[in-house]
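There are 2 protein chains.
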Amino acid sequence: MIKKIIVGQSGGPTAVINSSIAGVYKKAKELGVETVYGMVYGIEGFLKENIIDLDDYFKDNDNYELLKRTPSAFLGSCRFKLPKFEDDQAVYEKIFEILDKYEIDALFYTGGNDSMDTIKMLADYAALNNKRQLFMGVPKTIDNDLPITDHCPGYGSAIKYVATSIKEVIRDNASFGINKPTVLIVEIMGRHAGWLTCGAALAKGNDCEGVDAIYLPEEDFDMDEFKARVNNLVATKKSVVIAISEGIHDKDGKFICEYGDSDRAVDAFGHKQLSGSAVTLANIINKETGLKTRAIELSTLQRAATHIASLTDIEEAEGSGAAAVQAVFEGKTGMMATIMRVNNNPYTVNYEVYDIHNIANVEKKVPIEWIDSQNKQMKQEYLDYARPLIMGELTPIYENGLPKHIVRK
Amino acid sequence: MIKKIIVGQSGGPTAVINSSIAGVYKKAKELGVETVYGMVYGIEGFLKENIIDLDDYFKDNDNYELLKRTPSAFLGSCRFKLPKFEDDQAVYEKIFEILDKYEIDALFYTGGNDSMDTIKMLADYAALNNKRQLFMGVPKTIDNDLPITDHCPGYGSAIKYVATSIKEVIRDNASFGINKPTVLIVEIMGRHAGWLTCGAALAKGNDCEGVDAIYLPEEDFDMDEFKARVNNLVATKKSVVIAISEGIHDKDGKFICEYGDSDRAVDAFGHKQLSGSAVTLANIINKETGLKTRAIELSTLQRAATHIASLTDIEEAEGSGAAAVQAVFEGKTGMMATIMRVNNNPYTVNYEVYDIHNIANVEKKVPIEWIDSQNKQMKQEYLDYARPLIMGELTPIYENGLPKHIVRK
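These protein sequences, in sequence, are chains S and L.
The letter at position 67 of the first sequence is residue 197 when you use my numbering, and the numbering goes up by one with no holes.
The letter at position 378 of the second sequence is residue 508 when you use my numbering, and the numbering goes up by one with no holes.
It cannot be assumed that every hint is accurate.
[Claimed, not checked] Chain L regions said to be covered by chain S (calculated; three or more residues, Cβ under 8 angstroms):
no., region
1, 200-207
2, 256-266
3, 294-308
4, 340-353
[To be verified] In the DSBU-like style, the derived pairs of lysine-lysine whose C-alpha atoms are separated by at most 35 angstroms in a straight line are:
no., chain 1, residue 1, chain 2, residue 2
5, S, 211, L, 224
6, L, 310, S, 368
7, L, 133, S, 417
8, L, 224, S, 189
9, S, 384, L, 357
10, S, 539, L, 310
The set of hints was computed from the structure by calculation and includes no laboratory data.
We put the beta carbon where it would ideally sit given N, CA and C, even for glycine.
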């Protein structure tokens, strides 16, 4: 019997990560779960017993509706990688001690690759040590880089924001079309996988000429090719807009942002901060050609813009959360909920669950065959894949002129 | 009799500049104007007789509705300052030759300070040379820096976007609240006047703690004060979010972005590109304290985000356009339509027109008495002023998952 469960959020937030916990909460209550706990700040907060009862918020349906319209992690998130069993047994003992103390039967964790590793480790530890608790992953990442699942909740909303913003700035950039050409470079998140940047391709349509080129980290960036392309473009058009992934790199693996000033290269944790690629390219083009250039980084705006989230994405985030709960009621553990595309027209999906061992720490990149390398555009296969994911909207609830959110007390 | 008129768009675009020409078109047609021409790419395009008949688009009401939902300048814009009469008589002769050729009775120009200068020069030239045409300005600028008018169309939508985005990234920045503090610096447009950056203050409410500090170009920026404030903030909270104007400068007039790498300092026209202030400050804080920092520039996104435009702003843009047409029917010239606030609760405005000579080339800054210098926040006076301007929404018309726009053929 599943009487008490807990759900946590982990990794970089998305526009719909709260819809995932909404799905877990709602399905659990439907199936008669007494208590749905939330861990505040993921497994790190859990270790400090930072735990709340979600009934305190979501018994109220208005709050539930607000939750789906609230960006970032309602529960708070963390970046915490569980150690190997042999390196630190104590942290596992502590986790299971707390699970027992609160009589928790199942733990759900929404996140990307690292978070799925947490589920894998906990499930493996439970199996090795005869622990009764069940562990289930709920996919969430704007990066869309989890394997097995057709796509990841969070991705559709992020590319809806990317494509909407690109449409708007293409118009903006074209407004001074009578004079010298202007080159706008838009930098989109994606360290190793260019999924988010692909979303720029969706802007093209009857009312938008689309971006002039898309550069992904899946292919080596060639500075000479880039300069030649820009020169060719400005020879025939006044407004040039190019979308790039933050993680683009040359054939030697050097990031393009490192071509610029080294100030930006390292963050407080010693990670290379990859942002700055667009500014770097804009400066190079400006210096060598005298062209007017501008750089825009969509930055965390693209993962936080719940005000223009995709309804499909929100529903699939809820659906994934619900599927994970259903699986636990079937006694499953050590798995992640997946979205399986059944049909593209009309678009329909099934929810399934899949062995976490085949998912954790595996990174799915954009298929090379979806990239039109010659023209630096996405092929129709990508557009067919991505378009259904951005369909529909969940209108914000406005208060004092701004989208209203729900906050933890 | 006013039978034929022309309208043009000039200067940096806004989310609602198309609602201004919508207002001109609609009112003119109501008053029996036969032809409403549009000049493509402002007065520069006009000089090349790049002229279209707006009936070709806006007789169709669906297109009219799309126009109000389309960002940037539908007609195209320009940055063109008319010369002094004595420096170049020929350009004026050419303009009036084209006006006569097309039998145009009145010319309307939407824009900010420079564009109002164009109206002033044309009206003065007409008066000096006994030309019969009438000239009327329609205010438009996200910068909100035109005098006389209570505020400028374009401003309300820009700060609605600013405040919405700030609310979203405040949530995002707070998600990792269990570990080391994160300092997020958001850079907002505004070279001399901090009006747009003030808009960040609107984010604060029951569901949002608001930004921790706001730095405007109206006050000299003191690096030591800034560092001390950040250090004080991170001593008590994990997520610090600070809004700055791109144009902040120290007491010697040196721009803060110039404290960083000089690469970014000059654009193709030799203008100092002011963007980069947030990155500069984020780097300084990171280097000196080791804190995790992030910089976001809202860039042109903030003037192009028609998908979340303020309905009040859209209606006032239309209203200003209509008021300008009305004034021309009363024989007025050399004036700009103004929005005069009648009441704040309920919020009501009147439209008037005002002598362009008192408007052109005058820059209205944020009143110093609205700034809480001590706490780097905006006082209630500003909030009372700004809140009505962001109220209401005009839901986008979606096609293929994205807001639909109208394009010139």
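| query | Hint numbers the structure violates, sorted upward? | reply | 2, 4, 5, 6, 7, 8
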